[in-house]
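2 protein chains.
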Amino acid sequence: MSYQNYIEYCNEIKKLNGIAALLSWDMEVKMPKQSDRSFRADQSALIQGLIHERQTSSSFENSIQDALDQSGLSADQLKCLEISKKDMIQSKKLSKEFIEKESKLTSNAYSVWEEAKLKSNFGIFQNDLEKIVELQREKAEYYGYEGHPYNALLDLYEEGSTVSQLDKMFHDVKSKLGTLIQDVLAVQSQKTNFLTQKFDIASQIALNKEILNILAVPTDFCRIDESSHPFCTSFHPSDIRMTTRYSENDIMSSIWSTIHESGHGRYEMGLQVINSGLPSSSATSLGIHESQSRFWENNIARSQEFIDLIFPLLKKYFPSQFQSVQSETIFREVNFIEPTFIRTESDELTYHYHIMIRYEIEKLLVSGDLNVSEVRDYWNDSYKKYLGLEVPNDAKGVLQDVHWSFGGIGYFPTYSLGSFYAAQWYEEINRTKSVSEMIRDSRFEEINQWHAKHIHQFGRLKTSDEICQSATNRSLDFSCFERYIRGKFNI
Amino acid sequence: MSYQNYIEYCNEIKKLNGIAALLSWDMEVKMPKQSDRSFRADQSALIQGLIHERQTSSSFENSIQDALDQSGLSADQLKCLEISKKDMIQSKKLSKEFIEKESKLTSNAYSVWEEAKLKSNFGIFQNDLEKIVELQREKAEYYGYEGHPYNALLDLYEEGSTVSQLDKMFHDVKSKLGTLIQDVLAVQSQKTNFLTQKFDIASQIALNKEILNILAVPTDFCRIDESSHPFCTSFHPSDIRMTTRYSENDIMSSIWSTIHESGHGRYEMGLQVINSGLPSSSATSLGIHESQSRFWENNIARSQEFIDLIFPLLKKYFPSQFQSVQSETIFREVNFIEPTFIRTESDELTYHYHIMIRYEIEKLLVSGDLNVSEVRDYWNDSYKKYLGLEVPNDAKGVLQDVHWSFGGIGYFPTYSLGSFYAAQWYEEINRTKSVSEMIRDSRFEEINQWHAKHIHQFGRLKTSDEICQSATNRSLDFSCFERYIRGKFNI
Chain A
156 MSYQNYIEYC NEIKKLNGIA ALLSWDMEVK MPKQSDRSFR ADQSALIQGL IHERQTSSSF
216 ENSIQDALDQ SGLSADQLKC LEISKKDMIQ SKKLSKEFIE KESKLTSNAY SVWEEAKLKS
276 NFGIFQNDLE KIVELQREKA EYYGYEGHPY NALLDLYEEG STVSQLDKMF HDVKSKLGTL
336 IQDVLAVQSQ KTNFLTQKFD IASQIALNKE ILNILAVPTD FCRIDESSHP FCTSFHPSDI
396 RMTTRYSEND IMSSIWSTIH ESGHGRYEMG LQVINSGLPS SSATSLGIHE SQSRFWENNI
456 ARSQEFIDLI FPLLKKYFPS QFQSVQSETI FREVNFIEPT FIRTESDELT YHYHIMIRYE
516 IEKLLVSGDL NVSEVRDYWN DSYKKYLGLE VPNDAKGVLQ DVHWSFGGIG YFPTYSLGSF
576 YAAQWYEEIN RTKSVSEMIR DSRFEEINQW HAKHIHQFGR LKTSDEICQS ATNRSLDFSC
636 FERYIRGKFN I
Chain B
156 MSYQNYIEYC NEIKKLNGIA ALLSWDMEVK MPKQSDRSFR ADQSALIQGL IHERQTSSSF
216 ENSIQDALDQ SGLSADQLKC LEISKKDMIQ SKKLSKEFIE KESKLTSNAY SVWEEAKLKS
276 NFGIFQNDLE KIVELQREKA EYYGYEGHPY NALLDLYEEG STVSQLDKMF HDVKSKLGTL
336 IQDVLAVQSQ KTNFLTQKFD IASQIALNKE ILNILAVPTD FCRIDESSHP FCTSFHPSDI
396 RMTTRYSEND IMSSIWSTIH ESGHGRYEMG LQVINSGLPS SSATSLGIHE SQSRFWENNI
456 ARSQEFIDLI FPLLKKYFPS QFQSVQSETI FREVNFIEPT FIRTESDELT YHYHIMIRYE
516 IEKLLVSGDL NVSEVRDYWN DSYKKYLGLE VPNDAKGVLQ DVHWSFGGIG YFPTYSLGSF
576 YAAQWYEEIN RTKSVSEMIR DSRFEEINQW HAKHIHQFGR LKTSDEICQS ATNRSLDFSC
636 FERYIRGKFN I
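Chains as they are written, first to last, in the working numbering: chain A, 156 to 646; chain B, 156 to 646.
In the PhoX-like style, the derived pairs of lysine-lysine whose C-alpha atoms are separated by at most 20 Å in a straight line are: (1) B:Lys185 with A:Lys185; (2) B:Lys234 with B:Lys617; (3) B:Lys188 with A:Lys185; (4) A:Lys539 with A:Lys329; (5) B:Lys329 with B:Lys539; (6) A:Lys286 with A:Lys251; (7) B:Lys188 with A:Lys364; (8) A:Lys643 with A:Lys588; (9) B:Lys185 with A:Lys364; (10) B:Lys274 with B:Lys188; (11) A:Lys617 with A:Lys241; (12) B:Lys188 with B:Lys259; (13) A:Lys364 with A:Lys471; (14) A:Lys588 with A:Lys608; (15) B:Lys185 with A:Lys188; (16) B:Lys364 with A:Lys185; (17) B:Lys364 with A:Lys188; (18) B:Lys256 with B:Lys286; (19) A:Lys331 with A:Lys540; (20) B:Lys471 with B:Lys364; (21) B:Lys643 with B:Lys346.
Chain A regions said to be covered by chain B (calculated; three or more residues, Cβ under 8 Å): (22) 169-175; (23) 180-189; (24) 192-199; (25) 383-394.
Because the hints were derived from the structure by calculation, they are not lab data.
All of these numbers come straight from a predicted model, not from anything done at the bench.
From the three backbone atoms N, C-alpha and C, an ideal C-beta is built for every residue, glycine too.
Please model the entire structure based on the sequences and the hints provided.
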């Protein structure tokens, strides 16, 4: 009975979280561009306040304690209670006023960022970003931390993740990535430009839908819409909302985004439906979430076998553009290693420089060693230093990503973690079955089943590391990524 | 200060109402068809419960009373307070449990109705409808009434509206409508079928967008989507969501729906933006709301001058279908008086038989003199009796309208009221300016300004009758409708 009470409190919080997600999805995807968005910011703040009220209410706290005192609970039930208790302790560190203030600020900042990006003018966004950074630094103080204040924020996206751990990871990455890139460049042939011809958007939309079908994504339970920055949000395992973005001059941009977000969608579809408010029905961390999206985007879709599968579709929708092209050429082209400006469109190797730059900037912003007014210059200097690029404008530079507008400082490192986890899943699946063969034979549901079995079903009952240990018999191991890359590029 | 407190309570309720509207819009318009909708029903019930809690809270009640005791308030401020006080007395008559139950029931019933309509099987919907009717009868008892229990429900949509009043109106309508129809039929030429050829949907979508532009609807603040049953909902005067529906075999169906809903949209756009939670910023009644939608649909769009305006567009999108057609023929065709099955696609005269039939059925359902199991037969018998039609199936009969699924018993009569009000606005505007000329010259913003000035700006500060009195110097007068029809058909 007590445990049932606890479930009901969790489910009520889940309902409110779903409503908050809808308010935000609608604003980013469907709201008329000229609407005064402040009313939506007010609605979001109201709901965030209600969520916080419930997350910290003494009746919810009592329901957790009563349930913990109950006899005969299963290990999973106890685990849920412990996670909820820990969540509550965290939630109580922030006041309702802080939550509402943050929600209102970030809802409004979204459209400011959108405008700034459209006009390619960091100055438009700077004031909002200053407030956001200030609020995140305040938040770190409320949560408390050992060592670096950034730790408090990193922990929100990847539990247990710290600056000292990530410093070490990015140090390894920096040295080993350099070698990998050198080795690939030594064997890489010239780049052509057939993927950046003109591709009409209506055909891209139709093509993306067909690709989801090829991948056996259950599209009856999804929507795929367009937004400034692709994302995936889930209201229920049977109602997944993914977005992509279409560029008339880059056929692959929308395809990678669609496939990436469908990986997130699959994770959400694989979560338990019953008692959907319990920790057992929520994704365990963003690192693991990104391991899903990046697995499908990179390990699956950037393979020769997958390109072979979609090759007839590319020719069907864009016959003149792909007239004299071979599938092998496309494979080489979509895996061409080359420093570029946009993170989401970059190759699998230089990608991690993009993350490292953001990680360094965030670390400095949170410690107070970098001002928001200096961020653009720092960004541009870093792109020069690590990627050898002169950033031409803010839209292709510091304004390209949505994350800071919603306060997501601490989010970026999970992308690199996700790639490295994905490579580890890839190696593990390959121990018993050939991933290449499964792709060739369109056995995508079989591939998804591995993830469902080893990752999705557990929700938060296992941490990232526990999932990694139980699925692959060891913790995250960067060498899997190295082997995956060396295998793919034959180096 | 007290009045400011009161405003803040109202604004919080408004935010929650906007969230409820989004939950419902999203479910009807964007949710994947296969999603398990019960999670959305749960979310809606939660929000409806929160709204009811606030509408009936003692702190809100105190804020109203304190403000009423405050000196120096304007007449409009006092009026708002009185309306809110009355609303609160009404809200208190229903329990939170009742509200949540009704919300959950009607959210779920929507998809049941959709399925029933798709399969044209009233049996699928019957069980839900029984529960809905039972709940509405219960509601009438909670609210209380004088005379007929239906009065309690009619009052929700058109304040002060009663069975004795509507019986009288429909009695007049029945006799006078018969004469009008006879007189039109005597001069009406043969019907052709060029409006029911095949019209591809993509072109219809583009055409409808252009028509909204012609009408000077501020489309930057709107969306137009597709739904089973067209509707309009507003989240803010700068964020209006309209829907229409496209039929491949009927070019005019989507056009009428789009223009109809844009009339609703204009009313919502014309409401005051500041303190949007106050009664001064809400539409006064559904009758007046329908007077807006039906004014634009019928008095404006079904005119020869408007058909002349869109004629080039029709030819542009459907050159072969409109190859040998004259604008005058289209005008005659879209005003062809003929009994048909579907209310929303019927002509301006027989339309009111559709309403009368629904009114009679609802009256009998609420008094308990008709069972839900008998509704289909009663419906079909009435269509035979009043319109001389054999209803071929439930989709074209008793299942055609969405209203009962959301519990909207008492809603239908406002459509007839709306038409008659619209005719009265039409006559009034024509006293000083020629509506025909304004249409011919595309002076639609000027036409809208009349409505903004005499209707929109007041919100609920004036009742339907007060608006009618101040705009036209008299109460609702059916003879305006008669004159409008006689003028239009030259009879």
